[in-house]
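Protein chains in written order, with the UniProt record's numbering: chain A, 1 to 548; chain B, 1 to 548.
If you're looking for bench data, these hints aren't it; they were derived computationally from the structure. No experiment lies behind these values; they were computed from the predicted model shown. One or more of the hints may lead you astray.
[Claimed, not checked] Now the stretches of chain A that chain B is said to cover, found in silico as 3 or more residues with beta-carbon under 8 Å:
no. : region
1   : 1-9
2   : 157-166
3   : 275-283
4   : 397-409
Note that the Cβ used here is the ideal one computed from N, Cα and C, for glycine as well.
There are 2 protein chains.
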Amino acid sequence: MIQSTMQHGALTLSSLVEYSRRSFPEARIRTWTGEGFRDQSFAEIGDQGAQIANALTKLGVERGDRVATFMWNNNEHQALYAGVPSMGAVLHTLNLRLSPEQAVFIINHADDKVIFVDATVAPMLGKYLEGTPKVQHVVVVNGPADAITAPEGITVHQYDELIAGESASFDWSTIDENDPAVMCYTSGTTGDPKGVVYSHRSIYLHSMIITTTMGMRLSSQDTMLAIVPMFHVMSWGLPYAAMMAGATLIMPDRFLQPEPLLAMMEAGRPTLAAAVPTIWQGVSALLDAKPQDITHLREVVVGGAAVPPAMIKKFDGYGVRIIHAWGMTETSPLGTVARPPMGVEDEEKEFAYRVTQGRFPSLVAARIIGDDGQELPWDGDASGELEVSGPWITGAYFEPEGNVVDDSKFDDGWLRTGDVATITPDGFMTIVDRAKDMIKTGGEWISSVELENIIASNPAVVEATVIGVPDKKWDERPFVLAVVRSEDDTDVESHKKFLEDLVPRWQIPERWSFVTEVPKTSVGKFDKKRVRQHYADGDYTVLGDPEA
Amino acid sequence: MIQSTMQHGALTLSSLVEYSRRSFPEARIRTWTGEGFRDQSFAEIGDQGAQIANALTKLGVERGDRVATFMWNNNEHQALYAGVPSMGAVLHTLNLRLSPEQAVFIINHADDKVIFVDATVAPMLGKYLEGTPKVQHVVVVNGPADAITAPEGITVHQYDELIAGESASFDWSTIDENDPAVMCYTSGTTGDPKGVVYSHRSIYLHSMIITTTMGMRLSSQDTMLAIVPMFHVMSWGLPYAAMMAGATLIMPDRFLQPEPLLAMMEAGRPTLAAAVPTIWQGVSALLDAKPQDITHLREVVVGGAAVPPAMIKKFDGYGVRIIHAWGMTETSPLGTVARPPMGVEDEEKEFAYRVTQGRFPSLVAARIIGDDGQELPWDGDASGELEVSGPWITGAYFEPEGNVVDDSKFDDGWLRTGDVATITPDGFMTIVDRAKDMIKTGGEWISSVELENIIASNPAVVEATVIGVPDKKWDERPFVLAVVRSEDDTDVESHKKFLEDLVPRWQIPERWSFVTEVPKTSVGKFDKKRVRQHYADGDYTVLGDPEA
Chain A
1 MIQSTMQHGA LTLSSLVEYS RRSFPEARIR TWTGEGFRDQ SFAEIGDQGA QIANALTKLG
61 VERGDRVATF MWNNNEHQAL YAGVPSMGAV LHTLNLRLSP EQAVFIINHA DDKVIFVDAT
121 VAPMLGKYLE GTPKVQHVVV VNGPADAITA PEGITVHQYD ELIAGESASF DWSTIDENDP
181 AVMCYTSGTT GDPKGVVYSH RSIYLHSMII TTTMGMRLSS QDTMLAIVPM FHVMSWGLPY
241 AAMMAGATLI MPDRFLQPEP LLAMMEAGRP TLAAAVPTIW QGVSALLDAK PQDITHLREV
301 VVGGAAVPPA MIKKFDGYGV RIIHAWGMTE TSPLGTVARP PMGVEDEEKE FAYRVTQGRF
361 PSLVAARIIG DDGQELPWDG DASGELEVSG PWITGAYFEP EGNVVDDSKF DDGWLRTGDV
421 ATITPDGFMT IVDRAKDMIK TGGEWISSVE LENIIASNPA VVEATVIGVP DKKWDERPFV
481 LAVVRSEDDT DVESHKKFLE DLVPRWQIPE RWSFVTEVPK TSVGKFDKKR VRQHYADGDY
541 TVLGDPEA
Chain B
1 MIQSTMQHGA LTLSSLVEYS RRSFPEARIR TWTGEGFRDQ SFAEIGDQGA QIANALTKLG
61 VERGDRVATF MWNNNEHQAL YAGVPSMGAV LHTLNLRLSP EQAVFIINHA DDKVIFVDAT
121 VAPMLGKYLE GTPKVQHVVV VNGPADAITA PEGITVHQYD ELIAGESASF DWSTIDENDP
181 AVMCYTSGTT GDPKGVVYSH RSIYLHSMII TTTMGMRLSS QDTMLAIVPM FHVMSWGLPY
241 AAMMAGATLI MPDRFLQPEP LLAMMEAGRP TLAAAVPTIW QGVSALLDAK PQDITHLREV
301 VVGGAAVPPA MIKKFDGYGV RIIHAWGMTE TSPLGTVARP PMGVEDEEKE FAYRVTQGRF
361 PSLVAARIIG DDGQELPWDG DASGELEVSG PWITGAYFEP EGNVVDDSKF DDGWLRTGDV
421 ATITPDGFMT IVDRAKDMIK TGGEWISSVE LENIIASNPA VVEATVIGVP DKKWDERPFV
481 LAVVRSEDDT DVESHKKFLE DLVPRWQIPE RWSFVTEVPK TSVGKFDKKR VRQHYADGDY
541 TVLGDPEA
């Protein structure tokens, strides 16, 4: 057989870093200081990345060694994203919002050799280090070395001092595209957190998809406000996609409250932004209290949890288009993006597309599987567990002795997402629930996600989650945990009345509880595990309980 | 060392075809019939592709066998793009504008087993087949089998009859991403045409880049008028990129004259279009005579030959933005795209970016090499031979006995483009000439391309090419072969006067000849080889020759 004449052209992050260093002198990484931005070009980030690589080599870091970060979104984190995988080591981003038990478990499980830590969170890390005897070096960034007290055996360095005087060039020519590059752990709503190891190839292809019209359309004409943390699924791939597209990134550092976020929008006039729904909920509340023009935003990508349709309408009102997207740690994360098809001019029909999770981009294959293990049709009606496959989707979970493919998580090479979904004939996917969050009442299924969205469309409701709770008559019934706008909005009957025309009568929940905040996971999703626990422990004041 | 947990997710055209079949029921391939469109969905194209694969299997086509096409841009050609590589065979697109000698050479060199031919060009192919004894089957498309008379030993089929009754499914699961997929020959301005074999991987990555913001931004909201022929460098990758993005393609079939092109624009209202400069020259002339609103075009991508700055301005006047791009058969072809960087608001500065060939997208590495073999700086001034490398750039030329890497074409793994270029510090590349088209006069270099552009900026000039010709005093001097607007525009002195303020005095050509058309290659570039030959043969009436 004849052979292709094409060059191989390995898909490596080192080549991406070199590309960005040379191609886009005008693009910037801009970190918010509380008052303004400190800017660096990709050339400076690349220089810093090489200095990091040289310094880590001196500390004894070798190919495949894990180098962790415990950091906010900022210039130095971007330089670590550039330098660590490019030298052949594995960047392990630790989630700042983990419980101490989870953090210690993950540092040990990943076998982190070096940890870079922002000074503001160094005391938190300091506590974990008592339980992580294999860590050898800690490097304090954006602050003095004495921001942390480390146990004996761990050498503490100051970042600027560590890289000062190191050469800004490093020979990163020998990486294979299938080598490990970055490692993340799932937030672990059930059981221990699970590790996923992205390869150079997977990240490269994922970055390309972010810059395509199927993805986030990030371009050299864009400034992206990257609110989604770099410690969570690579900030949805933005640090690498920006290097590829030559886009400017605004990094919020630790300033993730609505007020500084709106201040940095005013100062930096981003054209794009990306964050989970809860962030936008807060921004929206402040915008209503203190209006500000945010129409410099062409699109706002929202994912990580389902976007309530009411939020999309709300932002339409600000003149800003929310693009709904879906993904998970296991999918790098871009899995779907909701852009209506060409020629849909009717606003209501268009909206119906926008509230779905969206279409799968090229290279993400998808199917839905029924209870009997059979594939279900894409008819917009049949719902089953969503399974996906492709080059930026994990095919195993990380274990130090060798990666593990567990049948409860994988099905013949496909990732079982745990999401229950429908897919329309034109490929738009809607998550109707987490597999374990469907509520079975009197033999009929209720989608807790759909019910949450409808409850939240009541202007009196700020946010609401729904879980199934035991019921003597119906086996299980929905229970609503809601945050309302004011104390006047705690009348259960008026909430039930609101639902009357919107859901079948048998789906209207009897049990309600009003709180000041719904518990959330480290990545901002409703933490139903904790809600269930609190409910079982009798922690909530339940109104309307027919069994009380 | 730890391993990545990612799935491999092979980059194959078969997976792309299956993806497009399922994901975009609204997208269409629309072939112009002279009066309207005949439409097919990607699902129908996919079905047809599978039928072709089944039919070819019965004809004995095996993996790696070459299946050629001698066809216009139309639905059936798209189905062949889908089906042939997906079954593991190699699609070989034959250029309709080759000379008979070149066509016979190429068919034999590629060892084509089957040729699909459009009925309208079947008589032309019929003549070549006397010299191609290894061809076994010819399939006539869009017409009756008797459109061609084939020599003995070749079985002639009719396309619809061949695929009728074949199953619309085919098992294409076993392709490796590095397998050969599509084959093209260069137009061969010097020596024999050279073959390039694209792989599934190279085409997949190239399609991704077409849909990125660095490429053509082709999306599911777009209709692309694909004027650039499918028989030349895969129509710049559009057939595959459209499958990926879910974009609609308008295929002009054989109707490539300005009048039908404007008719199909009016009927199909494309948002994007792609063609070489000479096509737009014709469209522009007709538009001036008979105005038509073409502002439905968001962008027009022009490449294949340098775009005269005057043309960009002309189209700005129509309210349509020309995007200048550069590439070659050896680069799949996308090599650069000229989009000004963010923040350039001054119109004149922006224009200076738009007339360059543009920036290299991610995965295309570039360097310029001086006469001494040393790399030159990106300072916008130093010019040297442009060399490129990357996964959709050829690393060899096809030879039946094994691909060949010739030092005159490759430099340590990099492709020598033969173009002489400068690159600015912000990465914008400008081709100043073909290496062999620089003119050396009295020890100084003249860029024939720059001179051509300036001469063509004279409103009296329709098109002009410049070659170096022997001169007793200066060794070599520029000679201009031009097409002018009217007979009144043939005064050499007025042309020289026009140049006075625009080029150094010593660069102003003495020798001019006015003709009705400048000779062009099969792909629409000025054919300087033929111009040189004609000049040497004394075929031109040369005005102003100081030696005459």
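To see whether the hints hold, each was checked on the structure:
{"no.": "1", "hint": "1-9", "verdict": "holds (count 9)"}
{"no.": "2", "hint": "157-166", "verdict": "violated (count 0)"}
{"no.": "3", "hint": "275-283", "verdict": "violated (count 0)"}
{"no.": "4", "hint": "397-409", "verdict": "holds (count 5)"}
Violated hints for the displayed structure, listed by number in ascending order: 2 and 3.
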